[in-house]
Amino acid sequence: MKDHRIPDRAKFHVEPVQRIGANRQKLTDYVVQVASNALLPVDIMVKALVPWPTGDDSLQYSRRPFASGQNLALVNAHGQTASCWVRHLNELTGRNDLDALTLLPFADVLCDPRGLVRRGRQWCPVCLQEDLSNGAQIYERLIWSIRLVSWCPLHHVPLAGTCPNCDHSHRAEISRRSLSGFCARCHQWLGMTRHDYHHLGRAARDALLREDFLADQFAALLAIPENSLKHVSKQSVIQMLEGGVARIGDGNADRFAEASRRSASSVAEWRSGHVFPSISSILNMCATFGISLDRWLTGDTSAWENVSAKHEHPVRISIRDARSKARDWPMIEKELRQSIDCVEYHLSWEKTAARFEIDPSFLRGRFPDIANRIVKKARAHRSRMSTVRRIARNRALVEQVRQVVNDLIALNCSLTRRDIEAELTNRGVAFRWSDFPLISTVKIEAMDGNKIKSRVR
1 MKDHRIPDRA KFHVEPVQRI GANRQKLTDY VVQVASNALL PVDIMVKALV
51 PWPTGDDSLQ YSRRPFASGQ NLALVNAHGQ TASCWVRHLN ELTGRNDLDA
101 LTLLPFADVL CDPRGLVRRG RQWCPVCLQE DLSNGAQIYE RLIWSIRLVS
151 WCPLHHVPLA GTCPNCDHSH RAEISRRSLS GFCARCHQWL GMTRHDYHHL
201 GRAARDALLR EDFLADQFAA LLAIPENSLK HVSKQSVIQM LEGGVARIGD
251 GNADRFAEAS RRSASSVAEW RSGHVFPSIS SILNMCATFG ISLDRWLTGD
301 TSAWENVSAK HEHPVRISIR DARSKARDWP MIEKELRQSI DCVEYHLSWE
351 KTAARFEIDP SFLRGRFPDI ANRIVKKARA HRSRMSTVRR IARNRALVEQ
401 VRQVVNDLIA LNCSLTRRDI EAELTNRGVA FRWSDFPLIS TVKIEAMDGN
451 KIKSRVR
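Numbering-wise (UniProt numbering), the sequence shown opens with residue 1 and increments by one.
Hints listed in this document are in silico derivations from the structure and should not be mistaken for laboratory results.
As the structure is a prediction and not an experimental result, all values here were calculated from the model.
Take the hints with a grain of salt, since some may be wrong.
[Claimed, not checked] Using 30 Å as the maximum straight-line C-alpha spacing, the simulated DSS-like pairs for lysine-lysine come out as follows:
#1 K351 to K334
#2 K376 to K351
#3 K377 to K351
#4 K377 to K334
#5 K334 to K376
With these hints in hand, go ahead and build the complete structure from the sequences.
See the structure below:
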């Protein structure tokens, strides 16, 4: 049956890997998919084929893709940037449904002053590996871009943001040469089996509960059926508040506020519609009363029937930062200083803060000098390891190129750059554009060496 959403003359006839459900594809990855199918680099396709607005349009020239300082993570969010990308990519692909690959369908109820999406790229290595093992198309999920989600809801492992091969931290959501499931720097595979995926363990039970809870809630949000999206609105949230006041507070808003651990003034402002609760506040109430996020946002007041009027709050899951917890700061300072003195300690400041389950910025505010020393130590270690890896790789590449050149000379074959590249590719040797000067030097040395040998003979 002909799909009415895709005209015959669309420039790029590309179907999203998954457009609905908790595992839906994110828009930035769809862009990578379109570019990959067209055998084009991402930045070339985006800049050359998409009619981005000029200075007289609503978006200024400085906001064009890959311009300096752009936060391309907002492409997957629910604001002006996401709307602009969806509009222009719909024109490019002949579709009208790409907003489903962003948070735009939930824009009316997603309110977070810190932003809904993280700036960098994260992924679940186990999901990617299962895609590969199952022969399915490899793609990256929208839920991985949500800032509050740091846990895979399917495999219950933390999301990764650093390449296991070159230790590159993916601080940008999409790059000029992105490829789904592969590192943006070394272009190596990012998937791992569950057995091979080693991650920092988190001993605290409440932290595990919080990560699992948040992942499950946003998975439920993205799994809302298309025919139910019309119910996702601010009015639906207000209806849920009214249902909670009636069920939990027996009509008393102050009693409901106390049960939900919110201030009475906040609840009053929410009910009046003058202020809308942030997504973190809604998630806290979800955890308190055991009502899923999708039911909160669609106004399913029947969910209150399963909540006891004398709710005892058996599970406390705080969505707030860990800075409000009581801490043994002298002991933390002692451990941090020991980390500086330990020769084998090379973790980044973010991973160091994760050991104590403290926000990195907050911990840096407490111990700025220690933070700077740990950051410098980690950077120096990464620099040393990068140099070691680069030298080892170059040595291996030199040997491979030398062998290829000698073999081609022995076969009386030509030694053009394309011939050498083709032979390296046939032998499974990975190389980059930046390796061409090295390859050329090795070729010349190998040719000179063969000339000397022939003269001796």
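Status of the hints after comparison with the structure:
| no. | hint | in the structure |
| --- | --- | --- |
| 1 | K351 to K334 | 17 Å, holds |
| 2 | K376 to K351 | 14 Å, holds |
| 3 | K377 to K351 | 13 Å, holds |
| 4 | K377 to K334 | 17 Å, holds |
| 5 | K334 to K376 | 19 Å, holds |
Consistency with the previously given hints is maintained throughout, with no hint failing.
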